[in-house]
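Colleague: So the chains spell out like this:
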Amino acid sequence: DQQVKQNSPSLSVQEGRISILNCDYTNSMFDYFLWYKKYPAEGPTFLISISSIKDKNEDGRFTVFLNKSAKHLSLHIVPSQPGDSAVYFCAGRTYRGSGGSNYKLTFGKGTLLTVNP
Amino acid sequence: DAGITQSPRHKVTETGTPVTLRCHQTENHRYMYWYRQDPGHGLRLIHYSYGVKDTDKGEVSDGYSVSRSKTEDFLLTLESATSSQTSVYFCAISAISGRSGNTIYFGEGSWLTVV
Numbered sequence: 433d434q435q436v437k438q439n440s441p442s443l444s445v446q447e448g449r450i451s452i453l454n455c456d457y458t459n460s461m462f463d464y465f466l467w468y469k470k471y472p473a474e475g476p477t478f479l480i481s482i483s484s485i486k487d488k489n490e491d492g493r494f495t496v497f498l499n500k501s502a503k504h505l506s507l508h509i510v511p512s513q514p515g516d517s518a519v520y521f522c523a524g525r526t527y528r529g530s531g532g533s534n535y536k537l538t539f540g541k542g543t544l545l546t547v548n549p
Numbered sequence: 202d203a204g205i206t207q208s209p210r211h212k213v214t215e216t217g218t219p220v221t222l223r224c225h226q227t228e229n230h231r232y233m234y235w236y237r238q239d240p241g242h243g244l245r246l247i248h249y250s251y252g253v254k255d256t257d258k259g260e261v262s263d264g265y266s267v268s269r270s271k272t273e274d275f276l277l278t279l280e281s282a283t284s285s286q287t288s289v290y291f292c293a294i295s296a297i298s299g300r301s302g303n304t305i306y307f308g309e310g311s312w313l314t315v316v
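Each protein sequence line maps, in turn, to chains A and B. 433 is the number of the first residue of the first sequence in the working numbering; add one for each residue after it. 202 is the number of the first residue of the second sequence in the working numbering; add one for each residue after it.
These are computed hints drawn from the structure, not numbers from a lab. Where is the CB? At the ideal position from N, CA and C, for every residue including glycine.
Example chain A residues on the side facing chain B (calculated, C-beta under 8 Å, incomplete):
| no. | residue |
| --- | --- |
| 1 | GLU474 |
| 2 | ASN534 |
| 3 | LYS536 |
No more than 30 Å apart at the CA atoms, straight line, and that leaves these computed lysine-lysine pairs for BS3-like:
| no. | chain 1 | residue 1 | chain 2 | residue 2 |
| --- | --- | --- | --- | --- |
| 4 | A | LYS500 | A | LYS469 |
| 5 | A | LYS503 | A | LYS541 |
| 6 | A | LYS488 | A | LYS503 |
| 7 | B | LYS212 | B | LYS271 |
| 8 | A | LYS437 | A | LYS503 |
| 9 | A | LYS536 | B | LYS258 |
| 10 | A | LYS488 | A | LYS500 |
| 11 | B | LYS212 | A | LYS469 |
| 12 | B | LYS271 | B | LYS258 |
| 13 | A | LYS541 | B | LYS258 |
| 14 | A | LYS469 | A | LYS541 |
| 15 | A | LYS536 | A | LYS488 |
| 16 | A | LYS486 | A | LYS469 |
| 17 | A | LYS500 | A | LYS437 |
| 18 | A | LYS536 | B | LYS254 |
| 19 | A | LYS469 | A | LYS503 |
| 20 | B | LYS258 | A | LYS503 |
| 21 | B | LYS212 | A | LYS536 |
| 22 | A | LYS437 | A | LYS541 |
| 23 | A | LYS437 | A | LYS486 |
| 24 | A | LYS469 | A | LYS536 |
| 25 | B | LYS254 | B | LYS271 |
| 26 | A | LYS486 | A | LYS503 |
| 27 | A | LYS437 | B | LYS258 |
| 28 | B | LYS212 | B | LYS258 |
| 29 | A | LYS469 | A | LYS437 |
| 30 | A | LYS536 | B | LYS271 |
| 31 | A | LYS469 | B | LYS258 |
| 32 | B | LYS212 | A | LYS541 |
| 33 | B | LYS254 | B | LYS212 |
Based on the provided sequences and hints, a complete structural model is requested.
Modeller: Here's what the structure looks like:
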């Protein structure tokens with residue numbers, strides 16, 4: 433059962449245009465959704481997150497939208513830059529209990545974004 | 202920078218040999234994780250730890266064991282490596298960030314090839 437789905441393995445956009453990466457989920461228990469960016473030969477780095485009670489969160493060029501009724505979220509990058517070329521992972525977070533930072537992340541398979549100069 | 206160091210960063214080993222990957226953190230985080238990343242599968246949780254000597258299984262734990270004798274070190278052991286365990290392994294910690302509250306941060310990865 434794939435709880436987080438990124439149905440587009442790859443996406444190619446022109447520099448300066450908008451990049452839209454999509455993610456669907458099935459688990460209603462996710463309390464946060466996170467996006468990670470990963471360059472080759474490096475670890476994933478946290479990009480932006482959104483609470484399940486919000487519908488939008490913005491941080492500079494990055495905006496994440498959440499449509500809870502559709503169980504769908506999207507990451508918008510405007511304007512796209514060649515340095516944004518990377519694999520982007522969507523993840524849903526669940527709390528395991530017992531206090532503290534006891535969280536679990538469930539990841540999608542990732543989308544490779546290529547921004548062409 | 203979440204203060205995570207993984208070692209070794211790259212290793213080639215033979216089928217059937219034991220392998221131990223080490224994750225070291227410097228900021229006293231309670232929760233630590235081991236993930237593996239494979240093409241077509243994203244990142245999958247192998248094991249996690251919620252304190253010294255407290256560990257639990259993730260979704261792909263078969264063939265792996267872990268130990269945490271000190272807060273700062275979380276070890277992942279492949280008792281008898283198989284070719285299906287060729288992968289990139291990421292250690293992670295859970296920490297609070299001013300930007301996002303509780304977030305999981307990853308190390309730089311350990312590339313393991315089993316031949």
